[in-house]
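Asks: Chains as they are written, first to last, in the working numbering: chain A, 1 to 102; chain B, 1 to 624.
Hints in this document: simulated from the structure, not taken from any laboratory.
It should be emphasised that the depicted structure is a prediction, and the values quoted were computed from it without experimental measurement.
The hints are all genuine.
Residues of chain A placed beyond 10 angstroms of chain B at every Cβ, according to the derived structure:
(1) Trp-6
(2) Ala-73
(3) Gly-78
(4) Ala-84
To give an idea of the chain B side of the interface with chain A (calculated C-beta under 8 angstroms), a few residues:
(5) Asn-595
(6) Gly-596
(7) Gln-597
The beta-carbon is built from N, C-alpha and C at its ideal position, and this holds for glycine as well.
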Amino acid sequence: MIPVSWYLGLAALLFCLGLYGALTKRNTVIVLICIELMLNATNINLVAFSKLGLYPDIAGQVFTVFSITVAAAEVAVGIAILLAFYRNRRTVNIDEANVLKR
Amino acid sequence: MIDYVWLVPAFPLVAFILILFFGRSLKERSAWLGVLFMLASFVVALAALIQRLGVEQVEPVNFEWLSFGHVVITMGYELTPLNALMLFIVSLVSLLVHIYARGYMAGDERIHVFYMYLALFTFSMLGLVLSPNLLQLYIFWELVGVCSFLLIGFYFYKPEAKQAAKKAFIMTRIGDVGLFAAIILLFWQVGSFEFAEIFAAVENNQLSPGFITVTALLIFWAAVGKSGQFPLHSWLPDAMEGPTPVSALIHAATMVAAGVYLVAALFPLFGASPLALDVVAYVGAFTAIFAATIGLVQNDIKRVLAYSTVSQLGYMMLALGAAGYVAGVFHLYTHAFFKAMLFLAAGSVIHAVHTQDIRQMGGLYQAGLKVTGILFLIGCLAIAGIPPFAGFFSKEEILLTAWQAGRPGVFLVALLTAFITALYMFRLFFMVFGGKPRGGKGPIQEAPAVMTWPMIVLAVLTVIGGFVHTHWTGTFLGDWLKTGPAPTYGLEATSAAWILILALLVSLAGIGLAYWIYIRQPGRAEGWATTFSGPYRVLLNKYYVDEAYQVTLVRGLSGLSVLLAWIDRYIIDGLVRLAAWVPTAVGQLGARMQNGQVQRYGVTVFIGLVVIILAVVLSGGMVQ
Chain A
1 MIPVSWYLGL AALLFCLGLY GALTKRNTVI VLICIELMLN ATNINLVAFS KLGLYPDIAG
61 QVFTVFSITV AAAEVAVGIA ILLAFYRNRR TVNIDEANVL KR
Chain B
1 MIDYVWLVPA FPLVAFILIL FFGRSLKERS AWLGVLFMLA SFVVALAALI QRLGVEQVEP
61 VNFEWLSFGH VVITMGYELT PLNALMLFIV SLVSLLVHIY ARGYMAGDER IHVFYMYLAL
121 FTFSMLGLVL SPNLLQLYIF WELVGVCSFL LIGFYFYKPE AKQAAKKAFI MTRIGDVGLF
181 AAIILLFWQV GSFEFAEIFA AVENNQLSPG FITVTALLIF WAAVGKSGQF PLHSWLPDAM
241 EGPTPVSALI HAATMVAAGV YLVAALFPLF GASPLALDVV AYVGAFTAIF AATIGLVQND
301 IKRVLAYSTV SQLGYMMLAL GAAGYVAGVF HLYTHAFFKA MLFLAAGSVI HAVHTQDIRQ
361 MGGLYQAGLK VTGILFLIGC LAIAGIPPFA GFFSKEEILL TAWQAGRPGV FLVALLTAFI
421 TALYMFRLFF MVFGGKPRGG KGPIQEAPAV MTWPMIVLAV LTVIGGFVHT HWTGTFLGDW
481 LKTGPAPTYG LEATSAAWIL ILALLVSLAG IGLAYWIYIR QPGRAEGWAT TFSGPYRVLL
541 NKYYVDEAYQ VTLVRGLSGL SVLLAWIDRY IIDGLVRLAA WVPTAVGQLG ARMQNGQVQR
601 YGVTVFIGLV VIILAVVLSG GMVQ
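Produce the entire structure from the sequences given, and follow the hints as far as they go.
Replies: Right, dumping it as structure tokens:
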């Protein structure tokens, strides 16, 4: 049986990849994908603990399904914003999305 | 009428308000309005004086003005003999000057403004002499100062008048600080502003001698400023830039005498301190001879009279300092009449010849100024101390007092001053009226009746006014003045024939010398001026007092103010600007982080998270 630390390690790796990408990539599409990666890292954690945690419970898996649904909605909103942004500025570079600065 | 004595200052106040509102449309008619109200005021004052003569004691009238805690400050009025006499002098001279100015100021565009100021001044001066407490006196004291400022600067388009007005105001203010400090000190120790309570405290030894001396000297300092005593005298001659009726009213008869009045009104306080009396006597004596010597060489008719005023005020101070309450007040009374008349006569001369330089005058008596000439002569005889004119009796009283108070030095200075006074007054008279007319300008017109009659009234008073207090016909004025409520009135002089004869001889010698120099040997004076050019120049430049003030006080204060301005600009303002700069800088730093780069925000959040985690881990859970 695979120990829980492997799941956690994989989740941490995924999370770090996502965080790195979200903070460094200029393309907003990539940033959105990276955010999905970070969400999925947490989903892995939830599933792992619902099966192998100290108090195994189905609630973890329920939450995961819930989280995936919310993520889908979030991506829809994110891409809608991105499209609106693209129409206005003719770019998808996130560092140019700075109209709210001082 | 004693119950209605408050009407005396009220009438000029009403006149002031009426002219203030309707002056523009009244124009020249405001003069008669002012005269009318002054006449009413004078009638009440005269009635009050006559009634006061027959009354032993008059209760002061007070009403509550302010009360805080258990302290109640009252306002009111009081009719002591001194007050009644001052009311009479002020209202009479003011009335006559009001009438006179109708002729002198005729045709002036701003005649209604002139009468407005004049009415305000009269109100303030009458209020001043009615005040029964120091606070009320101080308010009116400042009001007369303001009116003096306004009237000196009446011809404000002349730069000299503007300068003179400023100088007068600032120099008298320097003195007034002393009065203010004395009022605070007395209130602190006595707990009241009332004269009566202050005198009671002095009499009951409630105040230490040192304290009495300090407050008396502070009050005297205010009198020095107002009455043009050395070292604050130099504003008074410059104040002659104002219209001549103003010089007669304010700078000869009334306001400048307010300093003498102040010392007289607070005489019990001064009487309790020998040191303060010494200072008053010595400052008065020094001023008397100092100003008299300057008066010897001045060439402006009004300036000669101004230095004479300073000198005569010094005489009054000298008398008060020698504990001669009666002598000082008596001289104040006679001086008010003859000096006001001399100024009005000088105004009449200036009105006729349109110059103030006596070197361009001469022979004016023959040229047509007969009435003015005779009146001027009466004034000169009075101030020189020739019997039976009023000045003789008051000057004699002062000399007697100085001798009998055991001050031979002061007595000698007073005697010498009497000689110089006679000399410079008759120099003035001979240079203006004596000799042959210079001619060239055509016949000179005598002043209109509206100007001569006030002078004639004053001349009559100058002739007969002295008989209220003589050592032959009875010391009526002195006896009456001493019925006042104050506990002490100083020395009572007795007659001494040798002083009387000596004073008369000295005055006659002065007149004779003036006659010899300026009539018998014309040109002699110029010869002496070149022979003794050093002392002459010193006198002509008034002992360089103004220049000395310029170099020491004005320059010194300017230097100090430059330094203080630097401190203000760079240290005080620097601190203020630093206080403003710190929040701005913090704000700019914060604003620079709001750069709209969402990834930068993410990094910040991440670093913050790492810091928190590290803190929790490294502290072993101590930081929650």
